[in-house]
Each structure stands twice: as C-alpha cells, then as structure tokens.
Amino acid sequence: MDETAPKKMIQVEGLERRFPTPDGKGQTQVFGEVNFTVAEGEFVCLIGHSGCGKTTLLNILAGLDVPTSGHVIVDGKEIDGTSLDRAVVFQGHALMPWMSAMTNIAFAVESRWPGWNAAQVREQCQKYIDMVHLTGSEDKKPAQLSGGMKQRVGIARAFSIEPKILLMDEPFSALDALTRGSLQDELVTICQATNQTSFMITHDIDEAILLADRIVLMTNGPEARVCEIVENTLPKGRTRSDMHTHANYYPMRNHLIEFLVNRSKTFAEEIAADTFDPLNPPVVRPSAAVSEVGAPSVSTSELSATKEKRAS
Amino acid sequence: MTLTLNARSAVLSIALFIVGLFAWHAMTYQPVTGPVATVLSSDELGELTSLGMSDDDITHYASFGIAFEQLKQIAGLGLSRDLIEAAGGIQALGISAVNEATEPAPGSLFPTPMQIGTALWDAVSDPFYVAGTNDKGLGIQMGYSLARVTIGYLLAALVAIPLGFAIGMSPLVYKALDPYIQVLKPISPLAWMPIALFTIGDSEISSIFVIFICSLWPMLINTAFGVANVRKEWLNVAKTLEVGSLRTALRVILPAAAPTILTGMRISIGIAWLVIVAAEMLVGGTGIGYVVWNEWNGLRLDRMIVAILFIGVVGMLLDLALARAAKLVAYTE
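Chains E and W are the protein sequences, given in the same order. Residue numbering for the first sequence follows our numbering, beginning at 1 and increasing consecutively. Residue numbering for the second sequence follows our numbering, beginning at 1001 and increasing consecutively.
Isolated chain E, as found in the complex (with noise of 0.2 Å):
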C-alpha cells in the first residue's frame, strides 16, 4: 500500500466465520483469513460465486452478524453492533410496504436524527428523493412502485442519512438490465459527487469494472478465500456507454471472467503451492500495456509472474 494513500476507512483483518453444520456435530467454515482495506472516498466491490459468503460477510461489516474470529475496523475503531456510520442497501429493497416511499425515507431520518421537526425530516427526505429522480411519487406505497424504483428508494434511505461507508449486498441483482443500467449509472454520478467510500457485493462483472475502483476476488466456499485483488485500470470517469472502448477494459473482464469461470473452483490448489500470503492477497493491475495483445486472455502465467514481482 501506498504510504501517502488517503485513510482507511474499513480494515478487515483475519475475518473468519463458522457455522454449525446441520447435523450439529461440527463446523463449517464459511470463509477465512479474510484482510483487505477499503479506503475514504473509495469504492470496492467484492465478487464471487453464490455461496462464498459475500452476503454474510456483509452482514459483519454492516453489524448484523458477528465473526467467529477476526476484525472489523472501521474509521480507527472496532465495530461492535450496528451503526448509524454504516448505511446498508438490502438485496431485496427491504422497504416497510405499509409506509410511503417518504415515510420509509423519513423512518430512517428521524432515526439519525432524533431531535429534528418534521419540517427538517421532510426536507433532508425531499433532498434523496429528488436525487434517485423519484420526485412526484413520495406518497407511493412500494407496491405502487416498480422494481427499479422501489431500489431507488432503498439507495435513497441509504444516503439520507449521510453514513461515512454505503454498504451495498447485490442491490441491482433482482432488476432487469435496462433498469440495471440506469441504476448504475445514478450511482457512479452520486458517489463521486459525494465521494461516498462504498462497500459493494456482486457477482456482475461489467458492474463491477464501472464501479469499482478495486475489486477484491473470493473463492467459492466452503473455506473461501481473498485470492486477489484487482486494480481498475480504467480512468474515472467511465460510463456504462463508453467504458468498453477502453483498451484496458476487455484485460480488466476476461481477467474477471477467468477468474469466476476457472480460478474460483481451483484456486485452493494455487493457494496451497504459491507463496500465497493471506495478509497481503496479490494485487493484480490487467491491462492491454501488460499483456501486449491487449485482449482477449491474460494467461495465468503472466499473473503469476506479476506476483513473483511482488514477493520477490
């Protein structure tokens, strides 16, 4: 890591989580030896197949879920519970179908700030409101509203209460592509406009190399892994209609896709014959200057040979 590298904002170190196998007897281990960092202002996704323990990983980070051993530190501190600092938006929405989409806002504003009047709750409510561009339907019930909206509502719950990390399980994982798109697109313009240090599940690699400045790899579970985490090597700035046109961009995915198609399965073998170090997970930087052809694989071998470069 850089030494002049903004602060950290989560430090995950060791994380590890069993759980009981259904006979009683023994354990499982979800996932273990889990360190990575997510810096201010920055946004990393974590990807992996069903079943590597993305959603609970994210349930320690967001409080819900404790760790069977291993940290979370966040903003200099160790978590302990649930925090206003720490916004989550749910996979399936997870709005209150009985209250309105203002309401639903408002439930979460009154609770970061208990002391308002309902004038200053409707303001801030009006303010997140009008940025997912769901002006007009504040007194929509969610069934009213259509799958894209309805997370739209739940991202603005998020950001109404002004968290210091945004943490986010596959929130566009139910919704069609289109509606996808264009949910990504709003995102990327709030978070930079924001400079929202964001924490992000999923397993949609275009989303992604769109959103993420780093990406950290999980190996499939039982006993999942960080095998690595991928740099974007893309500029700032990309959009959802201009991105491909990077010449970097098909290394960053076939790198992506390798890995979820072939290195997630067999990854155990490479930990265990490498000089895998679980402290420091290999930092990999896919780009069309380093693989000369500039598409369309990155061979393993030259992976390795990028982290024989680090260990040496």
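Be aware that one or more of the hints could be misleading.
Said to hold, decoys possible - Computed spacing ranges between beta-carbons, pair by pair:
1. W/K1327 / E/A119: 27 to 33 Å
2. E/G24 / W/A1176: 18 to 24 Å
3. E/F19 / W/G1244: 25 to 31 Å
To be verified - DMTMM-like, lysine to aspartate or glutamate: derived pairs with alpha carbons at most 25 Å apart:
4. W/K1239 / E/D80
5. E/K140 / W/E1233
6. E/K141 / W/E1242
7. E/K141 / W/E1233
8. W/K1239 / E/E13
9. W/K1185 / W/E1204
10. E/K8 / W/E1242
11. E/K127 / W/E1242
12. E/K7 / E/E231
13. W/K1232 / E/D85
14. E/K265 / E/E13
These are calculated hints, taken from the structure and not from any lab test. From the three backbone atoms N, C-alpha and C, an ideal C-beta is built for every residue, glycine too.
Add chain W to chain E, keeping to what the hints say.
For chain W alone, coordinates are given in the frame of chain E:
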C-alpha cells in the same frame, strides 16, 4: 343480459327470498276447513228418524261432525232445532260435542311469514320498552349482550396482544407457554361456566369471563404468529438504523403483524358472539340469548325467531366492522 354482476346477484337473492317465503308460507298455512261431516249408515239414519228427528236436523248436526251416539242424545231431547239454538246450543244442554271453531289446527304453532313480519315490526318499532323483568325491548336485551361481549372481548385483547408479542418475540416464552395454550384452547367456552360460577359467583361476571376466555386464543395465537413471522430484513433495517426496541415494536413489528392480528380479532369476535347466546341461555336474566330461551319457554315462536334474526344481523355487523378495521391496516408487498 347487460346487468352488472351486483345487479344480477341482487335479483337472484330477491328471487331466493321470495321462493323461500312462499315455501315457508305453504308449509305453515292451515286453511280454515269446516268440520268433517259424520257419515251415517242407512240403519243409523233409520234409527234417528224413528226417534222423531227430522231429516233436515240430521243433516245439519251431522255436518258439524257430531257422532251417532250424540245425535241419538239430541234426538232424545225431543226439541226442535230452533229451541236448541235458543237454549244456547247442544253443549249447553249437556251433550258433549267437538267444537271445531275453538280447536287449533295441527301444526299451526309454527308462525307464518305474516306473523313473523308482525312480530318483527313490533320489535323494530319499539325496541327500548320495559314492561317487566322478562318483558323488555329487543334493543335493551341486545344492549346487555353487546356490553358483555365488548367488555370480555376488550379484556381478552388487552391480555392477548401483549402476551402474543412476548410469545412471538421470545422462543423461550413460546416454548414455556405452548403446552398450556394447546390444552386450554380446545376447551369449549361453556365448560368454563361452572368453574366461573363457582369461583367468581356472580353470574354477570361469569358470562363476561366466558367471553374473555373464548376470545383469548385466536387473538393470542395470531398475534404470536404474526410477530414471529415479521420479515427478517425489516428487522435488519431497523437494526442498522439503530432503532430502539420500543420504536421497532411500534413502527415495524406492530404494523407488519397487524393484518394477522386483525384476522385473529375477527375470528374472536365471531366466537364471542356465538358464545354469548349460549352463555345467556345458561345464566338467564337478561340478554338476547335469554330472550330466545324465554320466548321458547312461553312458546312465542314468532318472537323467538325475530330474536334469532337479530342475533344474525348483529353478528354480521360486528364481523363487518372488524373487516373494515382489517382493511385499514392491510398492505401489499
């Protein structure tokens, strides 16, 4: 047919009502037939003639269904028909004969639609009269029943909803109380009556207690179920927002469980209304259930049926009120 569904169903309902009325009328209608004339053999006819009775008189008295033996007695009087009538009829002269005019027709005890209509009008036009201990307007009697149901039901809600919350939120409380609930729930409310009468003594409070105990279970079980099944993610939202437990209970759990709780309350009010009639029959004194029993004992079936009709209508209104309330707290996910 271009009528709406509502209009068509109304037509069908009215048709069924009219058909029902006619069937009822046909089954209870007794035509005022005269007495069946006595049929005399030629021997009997000859004997009466030989006793000096005119043919005209024989036909006249036989037409009232007077038997041969009595006809012989009339003939033995040796009086003309005019004289007999002037003396006050044959009964007055000591001859026992059936008086058809005062005999009720068999089966006519069951009231006709017209009689019910009259009794209904009487009840509706003056529902609040008091003419004696056992003779009060249906409105007053209904008031007694409704008061008992309301008190017992509200007490039950006051116990069942907080207790249901505790059971729904704590697996410990649930496991500890479950055996009691399972055993007490299937006991007929009326089986509690002797215990209540013995321990409480007062019959008025006993019937309220019976309403309380029968309304308790559906509300308790539904509240516990609703609270235990609040979606985990809503609770997680409240948790991540650091919402206190009281505020979570009031703003998340209560509204989330409200439709289930209201369903329990609706079942309970139905049961309470069923039970109050039986309880009042047992306890007596006042109330619509007592009216039914009292009118049955006095064989005033018309008034009894009107009371039964009122029980049905009020029960429907109670259910409708709860259905309205349920609509207010309903939500679609």
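Hint by hint, here is what the structure shows:
For the pair W/K1327 and E/A119, the supplied restraint of 27 to 33 Å holds, since their beta-carbon distance comes to about 32 Å. At roughly 23 Å, the beta carbons of E/G24 and W/A1176 sit within the given window of 18 to 24 Å. In this structure the supplied range 25 to 31 Å holds for E/F19 paired with W/G1244, their Cβ-Cβ distance being about 29 Å. Distance hint between W/K1239 and E/D80 is fulfilled; the C-alpha atoms sit about 13 Å from each other, no more than 25 Å.
For the proposed pair E/K140 and W/E1233, the alpha carbon gap of about 21 Å is at most 25 Å, so the pair holds. Between E/K141 and W/E1242, the direct Cα distance comes to roughly 24 Å. Compliance with the 25 Å bound is thereby established for this hinted pair. Restraint check: the Cα-Cα separation between E/K141 and W/E1233 comes to about 18 Å, which is no more than 25 Å; the hinted pair holds. Annotation: proposed proximity of W/K1239 to E/E13 holds, straight-line Cα distance about 24 Å (limit 25 Å).
The hinted pair formed by W/K1185 and W/E1204 meets the criterion: a straight-line CA distance of about 23 Å does not exceed 25 Å. For a cut-off of 25 Å, the pair hint linking E/K8 to W/E1242 stands: about 24 Å separates their Cα positions. Restraint check for E/K127 and W/E1242: the C-alpha separation of about 22 Å stays at or below 25 Å, so the hint holds. Simply put, E/K7 and E/E231 have alpha-carbon atoms about 18 Å apart, close enough for the 25 Å limit, and the pair holds.
Distance hint between W/K1232 and E/D85 is fulfilled; the C-alpha atoms sit about 21 Å from each other, no more than 25 Å. Distance hint between E/K265 and E/E13 is fulfilled; the C-alpha atoms sit about 24 Å from each other, no more than 25 Å.
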